[in-house]
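Please model the entire structure based on the sequences and the hints provided.
As they're listed, the protein sequences go chains A and B. First residue of the first sequence: 1, per this note's numbering; consecutive thereafter. First residue of the second sequence: 1001, per this note's numbering; consecutive thereafter.
Hint data in this document are derived by calculation from the structure and do not stem from the laboratory. Where a beta carbon is used, it is the ideal one built from N, C-alpha and C, also for glycine. Any given hint might turn out to be false.
Claimed, not checked - If the Cβ cut is set under 7 Å, some of the chain A residues that face chain B in the computed set are:
| id | residue |
| --- | --- |
| 1 | Lys7 |
| 2 | Pro100 |
| 3 | Leu140 |
| 4 | Tyr160 |
To be verified - Label pairs and their calculated CB-CB ranges:
| id | chain 1 | residue 1 | chain 2 | residue 2 | range |
| --- | --- | --- | --- | --- | --- |
| 5 | A | Glu173 | B | Leu1216 | 41 to 51 Å |
| 6 | A | Cys194 | B | Ser1231 | 27 to 37 Å |
| 7 | A | Glu123 | B | Tyr1077 | 50 to 60 Å |
| 8 | B | Pro1178 | A | Cys194 | 38 to 48 Å |
| 9 | B | Arg1254 | A | Leu216 | 44 to 54 Å |
| 10 | A | Arg68 | B | Asp1120 | 49 to 59 Å |
| 11 | A | Glu70 | B | Pro1192 | 44 to 54 Å |
| 12 | B | Ala1099 | A | Glu256 | 22 to 32 Å |
| 13 | B | Pro1011 | A | Ala99 | 32 to 42 Å |
| 14 | B | Glu1239 | A | Glu210 | 48 to 58 Å |
| 15 | B | Lys1007 | A | Glu98 | 19 to 29 Å |
Protein chains: 2
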Amino acid sequence: MDFVPEKKFNPAVKRVIGVVSGKGGVGKSTVAVLLAQALAAKGRKVGVLDADITGPSLPRLLGVESFRAESDGQKLYPIVNEEGIKVLSINLFHEDEEAPVIWRGPLLGKAIEQFWTDADWGELDVLVVDFPPGTSDVALTAFQTIPFAGVIVVATPQDYVSMIVRKSIRMAEALKTPVLGVVENMRALICPKCGEEILLFDDGNARSAERLGLPLIVSLPWRREVAQAKSLRWSELPEEVRKDAAKMAFVAERAEAPAAPASPSAAPGS
Amino acid sequence: MDFVPEKKFNPAVKRVIGVVSGKGGVGKSTVAVLLAQALAAKGRKVGVLDADITGPSLPRLLGVESFRAESDGQKLYPIVNEEGIKVLSINLFHEDEEAPVIWRGPLLGKAIEQFWTDADWGELDVLVVDFPPGTSDVALTAFQTIPFAGVIVVATPQDYVSMIVRKSIRMAEALKTPVLGVVENMRALICPKCGEEILLFDDGNARSAERLGLPLIVSLPWRREVAQAKSLRWSELPEEVRKDAAKMAFVAERAEAPAAPASPSAAPGS
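Below, the structure written as structure tokens:
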């Protein structure tokens, strides 16, 4: 297997941030959407690439599930949601959002490559890439093809989750992609009746970021209004959620994008 | 793509049950382990095949993560845990359980095929297969290669999760595999201070099984002692958890295994 990256640069996209975990169901898509919304709320031009081809949740979370992305045979055109965020997801190309994508891996990798190299993203300050679980084709192709400024790791404070998340961190490192820090998710919830803080995993002090040896960007409590939301709207999110999301945006904007190699594709103004 | 199943039969294994979801993080591995343990507690000979190659959690949950499976070049030999359950997982072949498996999909599919056809499972009443998230190589190869008696679907009561879970159900149907019912997970937890039942997803009456149009096998509440457990031991599980698991075992044992085609490999006594 060839791990040497042949990254494709797009000078119109200033910075690409990955949201990874290795493990499914820890809240990657929610984190990707909150990050994108926090950046958009600061006036940044933002896109989100849904790299979870077989389990895409971004169109619903961003409220564009009834739209269909278009292609003129040359380029794929992202959908723009009402908050101005551009989105590409495999589900925007299906008539039927419940249709399973029964593709073998190389085709999945190809789809990701197209979402990056054949899409008309226009000018973007930040493109957020929502990774699928696992360390196979899609993740591999994404790391090899896209020049990430860095990745944000999402984890829940569970022992075996940390083990699986670490696989994903080691993959990023092996593919020379900086890991920016950890968003810890679902540590606790507040009882709506008595106000008790209930730890969901009873993990004592062994918090996700510490276990993973990475800086903690923010710890998101369980919030039912987020977990059960059909879609997330920035203007309707509780103030604390927006503050938490702003911390992710802060970290993402400070990540340094890798320089494109000196070549015609990276020439000024191209 | 060739969807025509070329199933491989193993007459020593009476019944194979898949645990699927499409979505990650909904509790598939926990359900697979509880099902296996409930069957073992009834005296059945049980094996568990961890089909989640890039995010394997079964060795820890079954308490065998420090063991290493062996191969003599002909056969793979499952590890037997202290409850008598046989286990095969990619993590039982690594020295380092945090090493990422950065394989492209066809290799993942190949690994699953080997876990089924090249493993010495011995005589089993039930083999439980814990699927990975997604509908790509591993799921496809598993459905094509293994003659399942049926699959149990695991879902959380969230709108977009139902959408993704449905992809997995439709994949099973497309590949002629019976869907036995739904295990709903994480609907609610009980506040340890005031006893309030807190719905995690505020889903009203739109429960997972109803949404999916399938029979509900059991609804598992959030139980911290299960969620945070390093491993699950049947003898230490709360009585209610064992009762819930027994319902899964009941359904699994009533699923009819497909008949092997009349061929030498299915001859009596083979």
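Q. So which hints don't hold here, by number, going up?
A. Of the numbered hints, 1, 14 do not hold.
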